[in-house]
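Asker: Sequence:
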Amino acid sequence: MSKSPVPSITLVQDLGVSGDCHSGKNLRQVHLVPMESLRQVSAKLEASAPVKAGEIGENVTTEGIDLGGLPCGTELHFGDGAVVVLTGVRDPGPGIDRCRAGLREHFLVRDQNKKVVKRLAGVMGTVKRGGEVKPGMQIKVVRSVGMEGLPIV
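Each residue of the sequence shown is one higher than the one before, starting from 1 at the first, in full-length UniProt numbering.
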């Protein structure tokens, strides 16, 4: 599940990340996680090592974009090339615990009744337009109008 940072990834229209196990006609072609979420989870881990970019299998790590607060259908434009359309919030499954025992629970925010009220494992999207994505690229957010929040996918 864990991935190591790479100099670039290639997004293929309607399929996802070239060579990725989630590539194909589905709503989970690209996994994006805000660096802020990784820091938030790392702070909860106390003495453990921080969660590193790629550790939970994400394809893209962002900074300064509230991905979970964007509506379904929002487009993320990577420079003048690739475009990803947000399809939903990633539900952190049990596979995260294979990366590090007990990690999954840290990606869930619960209320006083232990009900999950927020998930911190990022969002999923599909590739509308293919292209190369590199660290440090500008990401333009084009919000979807009239759409609701992101469902869990």
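Since the hints were made in silico from the structure, they are not lab data.
Just so it is clear, the structure is predicted and the values come from calculations on it, not from any experiment.
Hints should not be assumed to be uniformly reliable.
[Stated by the list, open to error] Straight line, CA to CA, 30 Å or less: simulated DSSO-like cross-link-like pairs of lysine-lysine:
no. : residue 1 : residue 2
1   : K128      : K52
2   : K128      : K140
3   : K25       : K3
4   : K140      : K3
5   : K118      : K134
6   : K128      : K3
[Claimed, not checked] Restraint ranges, calculated between C-beta atoms of paired labels, are given here:
no. : residue 1 : residue 2 : range
7   : G69       : S42       : 29 to 39 Å
8   : V116      : S42       : 13 to 23 Å
9   : K115      : P5        : 33 to 43 Å
Think of the CB as a built atom: it goes at the ideal place given N, C-alpha and C, for glycine as much as any other residue.
Asker: Hints first: check each against the structure and report whether it holds.
Answerer: Tested hints:
{"no.": "1", "hint": "K128 / K52", "result": "holds, 28 Å"}
{"no.": "2", "hint": "K128 / K140", "result": "holds, 14 Å"}
{"no.": "3", "hint": "K25 / K3", "result": "holds, 22 Å"}
{"no.": "4", "hint": "K140 / K3", "result": "holds, 25 Å"}
{"no.": "5", "hint": "K118 / K134", "result": "holds, 29 Å"}
{"no.": "6", "hint": "K128 / K3", "result": "holds, 23 Å"}
{"no.": "7", "hint": "G69 / S42: 29 to 39 Å", "result": "violated, 21 Å"}
{"no.": "8", "hint": "V116 / S42: 13 to 23 Å", "result": "holds, 20 Å"}
{"no.": "9", "hint": "K115 / P5: 33 to 43 Å", "result": "holds, 35 Å"}
Comparing the model with each numbered hint stated earlier shows that hint 7 is the single one that does not hold.
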